[in-house]
Each structure stands twice: as structure tokens, then as C-alpha cells.
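Just so you know, the sequences run in chain order R and A. Here the working numbering is used: the first residue of the first sequence is 1, the next is one more, and so on. Here the working numbering is used: the first residue of the second sequence is 645, the next is one more, and so on.
Don't take each hint at face value.
Claimed, not checked - In silico SDA-like pairs for lysine to any residue, Cα to Cα no more than 25 Å straight-line:
#1 R:Lys375 <-> A:Leu726
#2 R:Lys102 <-> A:Leu726
#3 R:Lys602 <-> R:Asp353
#4 R:Lys107 <-> A:Leu726
#5 R:Lys543 <-> R:Gly499
#6 R:Lys97 <-> R:Lys107
#7 R:Lys352 <-> A:Gln768
#8 R:Lys284 <-> R:Leu537
#9 A:Lys791 <-> R:Gly614
#10 A:Lys774 <-> R:Asp397
#11 R:Lys543 <-> R:Asn517
#12 R:Lys57 <-> R:Val14
Claimed, not checked - Short derived list, chain R residues pointing at chain A, Cβ under 10 Å:
#13 Lys10
#14 Ile31
#15 Val67
#16 Leu106
#17 Ile214
#18 Asp397
#19 Val400
#20 Arg408
#21 Asp410
To be verified - Across the chosen pairs, the derived CB separations fall in these ranges:
#22 A:Ser830 <-> R:Thr50: 39 to 49 Å
#23 R:Leu76 <-> A:Asp795: 48 to 58 Å
#24 R:Gln574 <-> A:Lys840: 33 to 43 Å
Calculated from the structure, these hints are not laboratory results. Backbone N, C-alpha and C define an ideal beta-carbon position, used for all residues, glycine too.
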Amino acid sequence: MLDFFAIFSKGGIVLWCFQGAGVTEPFSGAINALLRSVILQERSGNNSFTHNALSLKYKLDNEFELVFVVGFQKILTLTYVDKFIDDVQLHFRDRYKNELEKRGALKFLLNHFEFGDDFHILLREAEGSSKAKAPVSMRTFNESQKSQKTVKSMIETKDGDKSKEQVGKKSKNAKKEAESGGDQAKAASKKAVENGNEGLTQEEIIERNRAKFISKQLGGGKPEKSSKSPKPQKPKGKVNRVWDMSGKRIAELDYSGTNGDSSDAQNQDPDATAEPLIQVDSMKGDLRGVDYESSDDEDEEVQEEDKVVVADTNKKGGKKGGFGGMFGMLKGLVGAKNLTQEDMEPVLDKMKDHLIAKNVAAEIASQLCNSVAKKLEGKVMGTFTTVASTVKQALQDSLVQILQPKRRVDILRDVLEARSQRKPFVITFCGVNGVGKSTNLAKISYWLIENGFTVLIAACDTFRAGAVEQLRTHQRRLNSLHPPEKHGGQPAIQLFEKGYGKDAAGIAMEAIAFARNQGFDVVLIDTAGRMQDNAPLMTALAKLIAVNTPDLVLFVGEALVGNEAVDQLVKFNQALADHSKTDKPRLIDGIVLTKFDTIDDKVGAAISMTYITGQPIVFVGTGQTYSDLRSLNARAVVSALMKA
Amino acid sequence: MEEEKIHVDVEDFSEEQFMESFMRDIQSEEGVLIIGILVALALVILTIVFFGNFWGSSKARNAVLLLGLCDSGKTLLFTRLLLGKFVRTQTSITENSSTYKSKNERGSSWTLIDVPGHESLRVQIVEKYKAVAQAIVFVVDSSVFQKDVRDVAEFLYSILTDNIVAKNAPTLVVACNKQDISMAKSAKLIQQQLEKELNTLRVTRSAALSSQDGAVGGSVYLGKKGKDFEFTQLPNRVEFIECSALGSKGEDGDADIHNLENCLAKI
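So here's chain A without its partners, still in its complex pose (with noise of 0.2 Å):
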């Protein structure tokens, strides 16, 4: 007796036997529960595949970033892109998104983003969006630049000098904005005293490369090591453009965007 027994569970570890026992457990009442788990598990993995696929489509750069300092006239502008009228604006406390269709042959669109200015939204929100931005357009208030000068250049210093930004290159269009106001400066000498500000805050944020390895965070620098800084030196195209998303007339009249339109329709 107890040599068939020994034979038996011997045989008990073949493979189809265990097969045979295993079919015998699904078709059992327990088994339903068993059924119900598994067909549980595939479903969740389904799932997860599913939206992996939905999240990685959505990581496609499309989008331009509208960025720059507080009451630069960034929401205006957004207005302005997307119907061409005018409203009153305040401070945005949070993003405006909007598809653009832009001005060129193909007609193409893309979504446009209106980033708050606000020092302690800023960072956070460009966060958000970094990844996804195609284009950025900085808009600058030119006819308080002299005294924010330093601002300015912080800010753009701190998004050129972002690891995510650096890699993916995209356009830049600094957007003179605010030209109706008699006292505002043009694109060109905006440019020339960015190019001079860019060039200390390079020496001074970044003087700590050459000498210790990679222990400072944002470890890109920008342009050409021993020459001034050019915006000519970065891989990204960058263009400067006035423009005055107000208008001469004011309420009724158009903005004076033209300049920004066309730049928009390259991208």
C-alpha cells in the first residue's frame, strides 16, 4: 500500500496530471474567484498600457509658452492672438491654454499657454509645461526694461539654463511688447543690453563649473566659454520683435502684432 502511494504522488508531478488537477480547480466553485482574479490583473495592466500610450502621445512638443515678467502684457497678447479684441486684464493667478491656429499655408495649430509672471507661480507652472513647449515667446514691457533690466535677464538666464529647455531647443522670440508708450525702447538695443546682462550672470551663477563637478544645480552654460555672450551663440533660434499688444488706438483699434503673427506662422 504504501509503495503505491509513494508511486502515486511520484506521479502526481508529471505534467499533464498537474495540468488535469489545475483544470479540475477552475472548473470548481472556488474557481470562479480564481478566474475573477486574473481576468482582474489583465485588465489593470490593460489599462496602464493604455494610458502610457495616452500620456506619451501627449508628450509631443506642441505648444508655445507666452512667458515673461508681471504686467508685461502677456494675457492681453493672448487675447489679442486668439480673437483679435481687447479686454481688461489682471493679474493671472493661474494658466491660460488655448488651441492656435495659426496664420500659415498649412494652417497647422497648436496649443497656446499664457504662464502667470508671478515670482512664485513662475516656476512651478514652467515647470508643468517645459517639456511640451515647441516655442517660447518671452514677452518683455519695454518701456520699463532700464529699470528691470536685471529681472528680465534672471528670468530668461533661469529657462535657457533649464536641462529640459536646453535639450529641446525651441525657438525664442523675445516679443518687444508695449511699444505705444513713447518711452519704450526698441528690439535692438533690448537685445544688446540682454546680451551684456546674460554675460555677468553667466560669470557670476555659473563660476563654480570650472571649478567643482556637477554639484550646482542647472549645469548648462549658455553660449561660448571666453567670448561675450551673443544670443547668436545658442542652439536655438531666436528672433526679437516689437510689437504692442495694446495698439495705437487703444480699446477699439487692432494691435500692432503683426510682426509676432508672421514669426508665429514659421513655427
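Just chain R, with the same shape it has in the complex (with noise of 0.2 Å):
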């Protein structure tokens, strides 16, 4: 029934692989889909995992650094395998455990693992437990104990237990007979219930149920009483409501005006000319990383202290304690000590909460610390070292991991690819409302004008009153910092609207044919802010990527959320792929997290949108100054979320 089961070592090399019979396809695509998408994005917790038709399941070995993985068909539901890889498992160490306990990658190479024979007497034995309990035939009437009772024992009454004694002498009776039929039996029940009612009158029961009635009154009447509700306060007169502005005439409350009509490159604001802390040239290249103080040489001098303040008490606890307190601490400390599930719960619980007050999501927290777990569970520890610091150094590993970008980012040279094939490079910026989409789309803006590339500004945000305007006000401070004539003639940046109220996909696309015919080498497009779960405008987000097919989606999502990112990238994701109409839909391909400045050190969101994603943290915004836009320094950000 299995349709394949393969054992190799953390390391990649295969120990012993069998593949069901009549089983033709490879398995090794499914097994290393599913190491990356389970183990090494940190999503060990649930050990199961499907891969087009098959249904995996796997266990770690820590101990040996070995994997275990099985594979059968989706369709078919199989309630041994957990136990049967549990069994497996131990079975191939036990055998094998000389061999493992080696140590070097060549313990895999030099043996031979002849394991098929064991296998299969596993199987079988797997295979036929669970097929030992034949179904249960259903029972005959007269065998079920409802045919015992009659139904005067099963009205509910106050002299219930009376009658039913009474009943139960009748049904011995009724029983004997009931070889000659079941009618009999029932017949007999029957008239044991008529001669049962004769004993109680009718008004008899009309006084219990009354009884029954008023105190349920009683009952449901005294909370009642307690809630009353406060004394309705005096009804206030309605009031005119006066509004400041209804002196004014209207033409005065009209904006317009004076800051959106004019493109004329005449029109130089001459705020911008008078930024001092804007720098041209000051964003040339790539981008910064996120600064932090480097805390590693910090963490190493603390690691050596520890290890000295160990061997000092391990030297004093010798003398004072005498020999057997002697051994018992050292061995405590030395040796071959496995890790148990029991030994990492409280420092896990710890780390957990530790997590989730530096502000990362709570079922993030704890799929990190399942997945932590599973990894570290029968791992050999070192000498010297306490759970607690094995636990935080296997954490620290996996938050690193996490924040590693699964992908090359280089958006700098995907525009020069773009380039070279003369078509403009399409960047969608898509969020919740306020996080800062257009800020940061002009903070990136202002960095590839400084790289030399021309950028064309979409406003698809034809709902927000003043998006258009705020747009233009970018464009015009970054021609002023950029005067078109150091761009030979064209300006560096120009603004792509079509004013209020039309639809976002069409502005979209004449935005990315105008910018194709005028050689724009950027397109950036900003989109309206809506919340996750208003359908129609995820209809329309979903629509507008569908159409346009951008190079790069991102979400610009704010640092200070807290477990609302979850939410938001899951519905954002999905209503991507449902409105798609292609069999491999435009997801989001990356974050871009905002308002960094304004968090010290809980840091938590950028774990998780990255953990729900896979996808990585393309820039950081720190300031609202175009200057203040970095990338992601992953070493940094693990360092201050471990931080106390």
C-alpha cells in the first residue's frame, strides 16, 4: 500500500529506499519538495505533507542525523504508518546502532544497510494489526438490551426506580417467552406500562409538572432581579450642532487649486531647493542594512564566561561535596546526555513567551517552538552545555534561517535585465490601509533615480482623496533634486494619473504601455489601501495583478503589527490565487516592512511575515525622509529578538 519508504542521513546521502510495487515515478522529487518546504522553512511541527498525489510523513532522528520518510497515495487513508515509522525507526537504530554511532560522513558511505528483510516483516506486521479488528455485526433486536426494558422504565419520573424494578421481574418473564417471538415480549411491555400509568392520576401529574414549572420560575426569576437596568438618565434637548466653517463661502474650502493642476517645470517648489537633509548621490548602489549594535562579540564573551563560571563550580562543588556529589555533577554536565521532550517544555515555554513579547504573532511563536523541538529531540548534547543554552543556540539557528531569503535579491539588476529587453520592470505595492505604501514608494523611487534609472509613478489609488496630489508632490521635490538635465533631456521621474473614481487595472495597464513606449525603465505602481476581508476590493487588487502580470508583487506591511499580519497575508495570499485564472497564480514575492523606527527592539513582525510567506523582506523603511530606506540585515534582527 505504500508507495515508497526511504531513510537517509541529514547529509543528503540515501541509506535504503524501497519503492512500492508498481510504483514507476521517482520519489526523490517529492522528498526534497518536502525538505524544503516543511523542515527548512521550520514548519516541522505537523509531520505530514502533501506533494501533488502523495501524502508524505516523516520523522527525525537527532540523534544519528537520519530522516525517515514515507509515501503513499492521498486518496487512501492509512491509520498504521505513524506507528509503523515510529517502529521502523527504532528498529534501524537498534540494528544499526554500532555503525551510526560513528562519527564523519563516511558511517553512511561504508555500510550497507541491508534493512529490506526487517522492512517487510515490519510491514506485514503494521499492515495486519490494522486489519485485525473486523467490523462488528450489528446486533438483533432481541439481543440489544432495549428489548430488556420496558417503556414505563424509560419515562422519567419521580417513582421511576420503583417501576422499574417492578418492570425489570416483568422483562425476566417477558424474556423466557421470547423465543417464541418478539411480538409476545413487546406485547407484554405494553400492558406493563398501562398497569404502570393506572397507578399515578391525572391530577396527580398535572400537581407534579406545576411544581416542576414554578420552581423553574423561582429559579430563573432571581437572577432577574439583579440586572436591573440603571436608571434612565434625564433626555438631553437636541442641541444645533455648529459647524466652523459655515461663515465661509466655498470657494475658499477649494484646494485644488494651488497644488494639483500645475506639471510645468517651472512650478519648482522651493521647499524642496531648502531640504538640507535630503543628500543627492546619497543612495547610490545597494541599500544599507538595518543598523543595530553588533551584540556578537558580546555574546562570545558571555559564552566564555559561562563556560569559566561552570568549571569554577564544578572544581568547588568536588571539594566541598565529596566524591559521589563529585560524579553526580559532572556527569550532569559531561557526557552523552540525550534531550527529552520533558527536558525542553519549560525552556521552550519560556522562549515562547519571550517571543511573543518581543511582538511576534502567537501561533508563529509556537509553530517556531514545535518545529524547534521536533529538530532537537534526541540530540546528543556536548559537555558543558545546559538545555537551556542548546534550546536558544537551535532557536537563534532557526530565526536566522527564516530571515535568510529563499531567493536572489538583487532588484537592481532584474531592472538592468528588464532593461536590455526593452520592456519597463513592473513593481505592484499592495497593503492594508496606512501602512505607507505611498511614502515608501516614493522613498524607493528617489533610490533607483539615484542608480541612474527612470521611473514612471501609477496612480491606481483612485479612491483615497488626495492620493493623486500627494503622488505629484513626490514627483515634482524628486525633479527638483534630479533636474532632467543630468538624465540627457528626460526627466527622471514623471507621474502616470487619470484622476479620481476609474478603475485601477485599466490606469494600470496604459501605464506600463506608455512607460514602454516612452523607455521608462520602472514602472511603480500604487495601489488603494483595503482591509483583508472586504472581498469586493480583494476582488479588484486580485483583478489588477491578473491583468498586468507586475515582475514584483510586494506587500508593504507596518513593523508594528502584531498578530493581525498573519491575517492579513493569508487573506491577501488567497484572494490572489483564487482570482487568478492560471494554473500557477501571482503571489506576493515580497515584503516590504515600514515604520521600523518607530519599534526598538520587538522586532517580531518581520519573523512573522516572512515565516507565513517564504518570501522575503525586500527593504525596510526607518524615517519619512527619502533617505531612510534599508535593507534587511537578518544577523541584526535575530540578535536584538533574542536580546532579554
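These two chains come separately, so use the hints to put the complex back together.
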């Protein structure tokens, strides 16, 4: 019934494998997919995974660095698989313990692991045990307990016990007669019911019911008395609302003339030239990483101190406690000690609370801790290491692993590639309301202009008042910082807008066509902010992305968000996947983490977002001026996260 | 009486009396405790010194790293170099390391380390082993090189511009693997493409160096400024060779790695 079973080392060398009869496809693709999406993304909390039509279950052996994987058809529900894997693992370990205990990768290569016979025996046992329970046949009515009871006994009355006893005797008699047939037994029980009812007259029944009713009312009435409604306040008279602007004229309230209309280059904003903080050419090249005090050196010193202290107490303890105590303490610190779930649990709970305190989403923190537990279970601890330090180190490694990008993140290189193919590189920004899409779009366009590219901004936010004017202001400031004369006559940045109320997807399509005609290098599409629950708006966004197929879809999320991040990203991805007509829908490709300067070291949102999507954090926004754009420094973020 | 007392106090400050009192203290009952603490401290210092020496000696560079993208054939190459036999492999999630006896006259041996190619693991593991690398074998999948050229170049760039690697300048051998597939590109072509790609990467990654001082990480400039990048401009010894870990006969035959073995013998 199994499609395949493979035992391989964590270094990738397959020790033994079994392929079920009639299965022709190679399984290495499925196993690689399992490794990449589950184990390497720290989702090993739940141990099953589906790939195409196969369902895979796996088990990690951390002591000998082995992985056991079994695969079977998804439509089958095999109940014995979990226990079977455990049995196989124990059996394999026991049999090859000597070979596996050696060090180095050669042990996997030199030995032949002839496991086939044992495997088949175990498989037959497992399959046999699952079939052993034959389906139970239904009992006939005569055999059932219900036939022994009379109808009257099943009525719940105050005197029910007495009548049950009476009925019990009668039913025993009925049972003896039951051989002749069930009808006679039923007839006998019916007679018993009629006899029982005559014992209570109509009036007594009514009395009893009334008593019950009254008692119910009394019991229910008590809470009603306590919840008195507060005394109604004196009703206020209706007061006329006074608007401050009620006296002024409408014309003074119209601000669109001074800022919105003029787009000629002569109208240079005096503010931009007076801006002392913007340094032209300061953003050339790759973005700097987010700054943190490097605590790597401090960590090493602390570790050395810990080791010294441990050695010191060890010696002192030995002198004071005598021989038995010395051996006890030494044993505790030195020598092969396996990590068990109970050892790790208190430490992991503390780490989980610590992560949640640092603004990591709650379910992500628990999934991470489960995954680390799975990774460490059964592992042999080195000398002079405590459980806490091992768990902390493993958690730190897995956090850095999560934050490392799974694909190459080099926007400048991709833009150059698109330029050589004579088509614009299209980036779309999406996110909920108020996270900083337009601000960070302006920062990114500044960075791109600094590196010599021409940018077209497509104003596809046709809903929010002032969105187009905001982008126009940015365009004018950037153009004044980088005048067209420097860029060979063509303005470095231009705005493509069609006013308010139009369809965003249509504007995006026209903007891309315009950019291709005019030879712009990059198109940045600004969309309106929308809540993830708002189905029609999510449909509109999905349509924009599906129709225009941008090169990069960036989700803009603020670093202040807590558990909401999980919900936002899941629903955004879901909407994009649902409304796309192709087999491979365009999902979120990258994350922009904004408002990073507002959080000190509660940087957990970065972890939540990368964990949910598996996509890298491409930009980090650290302020509201043009040069406040950084790239993610995984080590700095993780050290800030693990700091006490 | 008071004068005598004062005299006694002054005398106590002399060294001899101090030493005598010290010796008396040591020989007393409580002195055992002080002796114990002193001995413990001495032992601790010795342990630190011992461990420091031990760590220090292992920092000698005697390792060869097998680096490359996922699925480029590093683990199979590792097995072939060590034992010459074929094994099925999966994606590695930890590194494999073993001692390797090279086939030159001296019979020197060093550690061969197979680093997983997966993006989330490679950075951390390279960090661990880059200081002890005597040589780096960069394995490239020649059959899909055209598609992956940017990823390959980015990985190679990040290794070459690492501060420690640039300082040590280990030998770089680029092994163009999977030559048994008919679509495989030749080593010469791969070299040209990589040079072009690294040239572009120099511009996009390190243009900031000329305008800003030292704020960008990885402040190593590959090759010579003003000229197109070529591998001969690097301080490391660079070689491009072709090989096939699978071999022409697949599982049963030998791998076509004589070039690689000869190269490794020269290290």
C-alpha cells in the first residue's frame, strides 16, 4: 500500500529505500519538496505533507542525523503509518547502532544497510494489526438491551426506580417467552406500561408538573432581579450643531487649484531646494543594512564567561561535596545526555513567551517552538552545555534561517535585465490602509533614480482623497533634486494619473503601455489601501495583478502590526490565488517592512511575515525622508529578538 | 601600655610579620578553604590556556569546501571523491565532512566539507567554515546554467567579496558538473558568462563605495577598477574544469572526475 519508504542522512545520502510494486515515478522530487518546504522553513511541527497526489509522513532522528520518510497515495487513509514509522526507526537504530555511532560522513557511505527483510516483516505486522479489527456485526433487536426494558421504565418520573424494579422482573419473564417471538414480548411490555400508568391519577400528574414549573420560575427569576437596568438619564434636548466653517464661502474651501493642477517644470517647489536633509547621490548602489549595535562580540564573551563559571563551580562543588557529589555533578554536565521533550518544555515555553513579548504573532511563535523541539529531540548534548543554551542556540539558528531570503533579492540587477530586454520593470505595492505605501514608493523611486534609472509612477489609488496630489508632490520634489538636464533631457520621474473614480486595473495597463513606448525603466504602481476582509476590493486588487502581471508584487506591512500580520498576509495571498485564472497564480513576491524606527527591539513582525509567506523582506522603511530606506540585516534582527 | 600597643601595630605592617601571619593563616583550619579556591582558580586558568591552544591549532587552514547551488551535484561529487561509488542523494540539510587523502606524491590529507546549497542554510554554514578553507570547489550545474547564471554569479560574488575569504585568497576551482548531459555548456563558455555577470554585479553592488565611505558591508572590490572583470585579476588561483559526477555509464560506471582529482592533488 505504500508508495515508497526512504531512510537518508541529513547530509543527503540515501541509506536505504523501498519502492512499492507498480510505482514507476522516482520519489526524490517529492522528498526534496518536503525538505524544502517543511523542514527548511521550520514548519516541522506537523509531520505530514502533501505533494501532488502523494501524502508524505516523516520522522527526524536527531541523534544519528537521519530522516525517515514514507509516501503513499493521498486518497488512501492508512492508519498504521505513524506507528509504523516509529517502529521502523527504533528497529533501524537498534540494528545499526554500532555503525551509526561513529563520527564523520563516511559511516553512511561505507556500510551497506540491508534493511529490506526487516522492513517487510515490520510492514506486514503493521498492515496485519490494522486489519485485525474485523467490522462488528450489528446485534439483532432481541440481543440488544433495549428489548429487555419496558417503555415505562424509560419514562423519567419521580417514582421511576420502583417501577423499574417491577418492570425488570416482568421483563425477565418476558425474556423467557421471547423465544417464541419478539411480538409477544412487546405485547407483554405494553401491558406493563398500562398497569403502571393507572398508579398515578391525572390530577397528581398535573400537580407534579405545576410544581416543577414553579420551581423553574423561581430559580430563573433571581438573576433577573439583580440585573436591573440603570435609571434612565434625563433626556437631553436636541442641540443645534455649529460648524466652524459655516460662515465662510465654498470657494475658500477648494484647495485643488494651488497644488494639484500645474505640472510644468518651472513651478519648482522652493521647499525642495531648501531641504537640508536630502543629500543627492547618497542612495547610490545597494541599500545599507538596518543598523544595530553588533552584539556578536558581547555574545562570545558571555559564552566564555559561562564556561569559566561552570568549570569553577564544578571544581568547588567537587571539593565540598565529596566523591559521590562530584561524580553526580560531573555526570550532569559532561557526557552523552539525550534531550527529551520534558527537558525542553520549560525552556521552550519561556522562549515562546519571550518571542510573543517581542511582537511575534502567537501562533507563529508556538509553531516555531514546536519545530525546534522536533529538531532537537533525541539530540546528544555536548559537554558543558545546558538544555537552555542548546535550545536558545537552535532557536537562534532557525530564526536566522527563516529570515534568509529563499531566492536572490537584487532589484537593480533585475531592472538592468528588463532594460536590456526593452521592457519596463513593473512593481506593484499593496497593503492595508495607512501602512506607508505611497511614502515608501517615493523612497524607492528616489533610490532608483539615484542609481540612474527612469521611473514612472502609476497612480492607481483612485479612491483616497489627495492620493494623486500626494504623488504629484513627490514627483515634483524628486525632479527638482534630479533635474532633467542631468538625465539627458528626459525627466527622471513622471506621474501617470487619470484622476479619481476610474478603474485601477485599466490605469495600470495604460501606464505600462505608456512606459514601454516612452522607454521608462521602472513602473511603480500605487494601489489603494484595503482591509483584507473586504471581498470586492480584494477581488479588484487580484484582477489588477492578474491582468497586468507585474514583475514584483510587494506587500507593504508595518512593523507595529502584531497578530494581525498573519491574517492580512493569509487573506491577501488567498485572494490573489482565488481570482487568478492561471495554474500558477501570482502571489506576493516580497515584503516591505515600514515604520521600523518606531519599534525599538520588538522586531517580531519581521519573523511573522516571512514565516507566513516564505518570501523575503526586500525593503525596510526607517523614517519619512527619502533616504530612510534600508535592506534587512538578518543577524541584527535576530540578535535584537533574542536579547533579554 | 598604649605606646606598646602602637609600637606593635607599626611592627605589624612590616613584611616579615605579614608573611608569618599569612603562613599561620594558611595552616589553620579555614585556610583549607582558601587553598581550595586558589587551586581551583589555577586549574581554571590552565584549562582556558589548554583549550585556547587547542582551538588555536585547529584554525590552520586544511579544509576544502564544496559550494554551489541546490541540485548541482555536490553530495554525489563528495561521495565519488571519497569512495568512487554511486549513492542516491537528496537535498542536504546539514553539511557532510570527512578526511580526504589526495592522490599526489606526498599523500597529504585534508578535510573535505560538502556544504548544503539551500539558500537559507548556506550562509550560516559558510560562516562556520570560511576561515579554515584552503580551497573552494564551486560546483556548477552546466545543463541549466543559462537559466541560473544570475543566481550562480550572485553566490560566487558573495563568497569572493567576503572579508575573510578575500584575505585568505583560497584556490578557487569551478567544477562545471553534469557534463554527461548533452545540453551541458563548456567550461570556457561558463567562464565567459560568469565574468560578464560579475562585471555587472560589481556595478550594482558596490557603486556606493565610491560615494560613501565604508557604510556598505562586504567592502571588497573584485578585480581592477576601470577594466572589465576577468578571473585572472583575482589574487586567488582560479581554474575552470569540466567533470561529471554521474559518469557516462550512470550508477555502475566510474565518474568522470579525473580532472578534478588532478586539480585537488595540486593543493
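Inset, instruction - Against the earlier hints, flag every one the structure doesn't satisfy and list their numbers going up. - result: Checked against the structure, the hints that fail are numbers 1, 8, 17, 23, while the rest are satisfied.
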